[in-house]
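Going down the list, the protein sequences come from chains W and S. Residue 990 in the numbering used here sits at position 70 of the first sequence, with consecutive numbering throughout. Residue 46 in the numbering used here sits at position 39 of the second sequence, with consecutive numbering throughout.
Keep in mind the hints are simulated off the structure, nothing from the lab. Predicted model only: the values in this text are computed from it and were never measured. Honestly, I wouldn't trust all of these hints.
Reference excerpt, derived from the structure (chain S facing chain W, CB under 10 Å, subset only) [what the hints assert, rightly or not]:
(1) Tyr43
(2) Gln52
(3) Gly68
(4) Gly110
(5) Gln116
(6) Pro119
Every residue, glycine too, gets a C-beta built ideally from N, C-alpha and C.
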Amino acid sequence: DAGVIQSPRHEVTEMGQEVTLRCKPISGHDYLFWYRQTMMRGLELLIYFNNNVPIDDSGMPEDRFSAKMPNASFSTLKIQPSEPRDSAVYFCASSPTSGDYNEQFFGPGTRLTVL
Amino acid sequence: GDSVTQMEGPVTLSEEAFLTINCTYTATGYPSLFWYVQYPGEGLQLLLKATKADDKGSNKGFEATYRKETTSFHLEKGSVQVSDSAVYFCALSHTGRRALTFGSGTRLQVQP
């Protein structure tokens, strides 16, 4: 399996621009998670989906952030408008339903820099 | 709410030294506990796990024991290698809520 795929790997944009991050989970996994990693706040859960339905979006920082999962093989995280404080590494992870230990498989991350 | 506390890094060791990275947690009920590792430029990988009290997770020479009485899950390795240099994250989750709660991470640097 190719693992969780994220694109782009690096994104540099200017304040006020729209940013879209993409994720393809592992085939057959029906949970998908978006995390943000910063030096100040560490790893934070933003939102997660089960069977394409958002289950918990309490970590989404504000209305500028939105996430969608139109089908089982694709999800997007959009920031509009972007701000310098959104600079971080954004990780996508997926997880199967089976198993009692909730292992998550992480993608390589997207490093976002907002100037 | 749930929380995970890890010792601050960086931890710098010489090759073949003994490693301990402390992790304690606060949570209701009986969460599952994990150690994830992040190598430079990569995403996180599951290193080991434990799902109930007194369980010992082990992988690649690393071990951690789920201690309910001290709410701890310390990571240990008897002899570290340069290739173990990475950031290590302790985490927990509940069966009813799939999301992971992570500690702040501990950077390990192993010198030859």
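Quick rundown of the hints versus the structure:
The beta carbon of Tyr43(S) is positioned within 10 Å of a beta carbon in chain W (closest approach about 8 Å), and the interface hint is therefore held. Taken as an interface hint, Gln52(S) checks out: its beta carbon lies about 7 Å from the nearest beta carbon of chain W, inside 10 Å. With 10 Å as the threshold, the beta carbon of Gly68(S) stays out of range of chain W, its nearest partner Cβ sitting at about 20 Å, so the hint is violated. The beta carbon of Gly110(S) comes within 8 Å of a beta carbon in chain W, closer than 10 Å, and the hint placing it at the interface holds.
The beta carbon of Gln116(S) is not positioned within 10 Å of any beta carbon in chain W (closest approach about 17 Å), and the interface hint is therefore violated. A distance limit of 10 Å between C-beta atoms decides the matter here; for Pro119(S) the minimum to chain W is near 27 Å, and the interface restraint is violated.
Taken one by one, the earlier hints fail for this structure at numbers 3, 5, 6, listed in ascending order.
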